[in-house]
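Chemist: One letter stands for each residue in the lines below.
Protein chains: 2
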Amino acid sequence: MAALAFGHKNPDTDTVVSALAAADLKTKTGTETKAVTLGECTPETVFVLEKFGIAKPEIVSSVAGQDVVIVDTTDLAQLPDDIAEANVLAIFDHHKLGDLTTSSPLEMWVGPVGCSATMIYKAYKASNVEIPKDLAGAMLCALLSDTVMFKSVTCTEEDKAVAADLAKIAGVSDMMALGMEMFKVKSAVDGATASELVFRDYKDFDMSGKKVGIGQLEVVDLSMLDARKAELAEEIKKVKADGRHSVFLLLTDIMKEGSQMLIVSDDASVVEKAFGVAGDAEVWLEGVMSRKKQVVPNFEKAFSAL
Amino acid sequence: MAALAFGHKNPDTDTVVSALAAADLKTKTGTETKAVTLGECTPETVFVLEKFGIAKPEIVSSVAGQDVVIVDTTDLAQLPDDIAEANVLAIFDHHKLGDLTTSSPLEMWVGPVGCSATMIYKAYKASNVEIPKDLAGAMLCALLSDTVMFKSVTCTEEDKAVAADLAKIAGVSDMMALGMEMFKVKSAVDGATASELVFRDYKDFDMSGKKVGIGQLEVVDLSMLDARKAELAEEIKKVKADGRHSVFLLLTDIMKEGSQMLIVSDDASVVEKAFGVAGDAEVWLEGVMSRKKQVVPNFEKAFSAL
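Each protein sequence line maps, in turn, to chains A and B. Mapping of the first sequence onto our numbering: position 106 corresponds to residue 106, and the numbering continues sequentially without gaps. Mapping of the second sequence onto our numbering: position 182 corresponds to residue 182, and the numbering continues sequentially without gaps.
If you're looking for bench data, these hints aren't it; they were derived computationally from the structure. These figures come from a predicted structure and were not determined experimentally. You may find that some hints are simply not true.
Once the Cα atoms are required to be at most 35 Å apart in a straight line, the calculated DSBU-like pairs of lysine-lysine come out as [said to hold, decoys possible]: (1) Lys184(A) - Lys160(A); (2) Lys184(B) - Lys51(B); (3) Lys292(B) - Lys28(A); (4) Lys210(A) - Lys301(B); (5) Lys28(B) - Lys168(A); (6) Lys122(B) - Lys133(B); (7) Lys9(B) - Lys211(A); (8) Lys122(A) - Lys292(B); (9) Lys160(B) - Lys34(B); (10) Lys133(A) - Lys9(A); (11) Lys210(B) - Lys211(A).
If you anchor each label on the Cβ, the simulated ranges turn out as follows [to be verified]: (12) Asp99(A) - Glu272(B): 24 to 34 Å; (13) Gly276(B) - Asp82(A): 22 to 32 Å; (14) Val153(B) - Glu231(A): 57 to 67 Å; (15) Asp81(B) - Ala161(A): 36 to 46 Å; (16) Gly171(B) - Ala161(A): 28 to 38 Å; (17) Glu158(B) - Ala77(A): 28 to 38 Å; (18) Gly53(A) - Ile59(B): 53 to 63 Å; (19) Gly171(B) - Gly276(A): 55 to 65 Å; (20) Val153(B) - Lys184(A): 45 to 55 Å; (21) Gly191(A) - Glu158(B): 48 to 58 Å; (22) Thr31(A) - Met255(B): 28 to 38 Å; (23) Ser104(A) - Asp174(B): 26 to 36 Å; (24) Asp226(B) - Ser103(A): 31 to 41 Å.
Virtual Cβ for every residue (Gly too), placed ideally from N, Cα, C.
Please construct the entire structure, taking both the sequences and the accompanying hints into account.
Modeler: Below, the structure written as structure tokens:
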């Protein structure tokens, strides 16, 4: 039985593409591995896969008894419920270290870089395995997506060098044009329900014993969301009602380089503790574009001090 | 303030040497880092440091508020009590993934290899930093120690290739002679108290909510311990009395390639569940030399089924 490679729930482009690349690399280095996802691909990911002619991975929910390769997370809340019954062979990630544990030694490629695809690129190089042209294109998109076209504070010089090499392998001559095309697809809000928008890139966290949901919507211009904001605020109230202490929705303007954050919380003072800006229903967070590096660490500190 | 590099409590040679090497590498790549330990060095480690003219690191117990580099473990029980208040920059390890979590992204070099020093060797190579001659000799000893001179099941082809290169850098012409010299120091039991022998390489684990201690003594010939066995059995009873469900002491014969395991447990049936060999006070485990790869995973499964 082939090993399974997958990333987090509510998969984004980096998670899906990194699972595909990790499966390719592991298979070529002797461990037959198949990429799967834990949920539906976003429109952005569908665009990327179609652009480079890659089939959409199938969706699984149970992994008990399987060998697995995990990408883009080490948080139990973002993995299948029966992950403890799987045998973790390898992890490729660029986030803080979460609460996943394993019962055997494993391989981990983890670094403070802009996306998981960058870590897999490094593993390809270290294993002297060539990156296929189609995957290189998709990995480039994963990198452009996760780093918001190099603008995120999580983006490193290494990410930029990796992007340049991936573009070369993929035969992409204008990567910024590719990025804008992709972000236009990602930003599209017409035709999507409020629930689809909230869950487009949504994660649950355990913060000092409290369940906290944080979603993020990246748009090329915040005004695109003006007509939907009331609806989104209603929607996160519903999400909160399902046993959560707080739900935050970041509406990130990738051109203005900041985020409007919609708030629903049992104790909204946590927002001021975390960011020094008070607000009951929403606040503007200047320069805040990265959930992982800017929002989650601040909230974790603030929740631990509640 | 310099960052601190350290490994687990009850430091062995791989932990101490890997902390020294990680500190050297981090310092040379731009993050001033100082190696420390969480406890006294063993006679084996003192022999290695003296052999290659390296100063013994100082001992620390608190790391709150510091930047830290962790080697050779990700288990909270094996780290300083205030590790949650430190900022983890990097981890170099070759064990299963433990329960340490971080609040920021970090660098992790983790692989299923014979020792942490092998992972740091790989990081040196990837960073194009030269390994100093003295550290190369000490890293070779860490590798020979942790892989029991390449005999442990944890030892990989990669470890052997790394050992050959480290020997070249260090100018060691006969690495097996160096290994035997080191193991003779490690095996010495004369003049050591029973407590010193039990804690020479001892670790506590949380297994399905039960506190379990596992020590290991490696000797070149088990008969060296005949005169001390009754005393060691008494000693682990004392250790167990301090709130533990079980304490196991592996007396590993590196030439016969197996371990005599001394047992004191609230439920010794766990030994048969784990290894298929029954015994109340002791059992011989043929071919069992690795606590990490053979003993801990078997006990974790057995304890979860108690």
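Chemist: With reference to the structure, classify each hint as holding or not holding.
Modeler: Hints and how they fare:
Simply put, Lys184(A) and Lys160(A) have alpha-carbon atoms about 21 Å apart, close enough for the 35 Å limit, and the pair holds. Note on Lys184(B) and Lys51(B): the hinted pairing holds, with a Cα-Cα distance of about 14 Å set against a maximum of 35 Å. Taking the CA atoms of Lys292(B) and Lys28(A), the gap is near 28 Å; set against the 35 Å cutoff, the hint holds. For the suggested pair Lys210(A) and Lys301(B), the alpha carbons sit about 30 Å apart, so the restraint of at most 35 Å is met.
In summary, the hint linking Lys28(B) to Lys168(A) is supported, as the alpha carbons are separated by about 31 Å, within the 35 Å threshold. Restraint check for Lys122(B) and Lys133(B): satisfied, since their Cα atoms lie roughly 16 Å apart, inside the 35 Å limit. Annotation: proposed proximity of Lys9(B) to Lys211(A) holds, straight-line Cα distance about 33 Å (limit 35 Å). Distance hint between Lys122(A) and Lys292(B) is fulfilled; the C-alpha atoms sit about 28 Å from each other, no more than 35 Å.
With a C-alpha separation of about 28 Å, the suggested pairing of Lys160(B) with Lys34(B) holds against the 35 Å cut-off. At roughly 27 Å between alpha-carbon atoms, Lys133(A) and Lys9(A) fall within 35 Å of each other, so this suggested pair holds. For the proposed pair Lys210(B) and Lys211(A), the alpha carbon gap of about 27 Å is at most 35 Å, so the pair holds. Separation of Asp99(A) from Glu272(B) is about 32 Å and conforms to the stated range, judged on CB atoms against 24 to 34 Å.
Evaluation of the 22 to 32 Å hint for Gly276(B) and Asp82(A) yields a pass: the beta carbon distance comes to about 27 Å. The given range of 57 to 67 Å is respected by Val153(B) and Glu231(A), whose C-beta atoms sit roughly 59 Å from each other. As the Cβ distance of Asp81(B) to Ala161(A) is approximately 40 Å, the hint placing it in 36 to 46 Å holds. A C-beta distance of roughly 36 Å is found between Gly171(B) and Ala161(A), which places it inside the suggested range of 28 to 38 Å.
Between Glu158(B) and Ala77(A), the C-beta spacing of about 34 Å keeps the proposed range 28 to 38 Å intact. Here the CB-CB span from Gly53(A) to Ile59(B) is close to 59 Å, well matched to the stated 53 to 63 Å. For Gly171(B) paired with Gly276(A), a C-beta distance near 57 Å keeps the hint of 55 to 65 Å intact. The supplied range of 45 to 55 Å is met by Val153(B) and Lys184(A), whose beta-carbon atoms lie about 54 Å from each other.
Between Gly191(A) and Glu158(B) the CB atoms are about 52 Å apart, so this pair conforms to the stated range of 48 to 58 Å. The hinted range of 28 to 38 Å is satisfied by Thr31(A) and Met255(B), whose Cβ atoms lie roughly 34 Å apart. For Ser104(A) and Asp174(B), the hinted distance range of 26 to 36 Å is satisfied, since their beta carbons lie about 34 Å from each other. The given range of 31 to 41 Å is respected by Asp226(B) and Ser103(A), whose C-beta atoms sit roughly 34 Å from each other.
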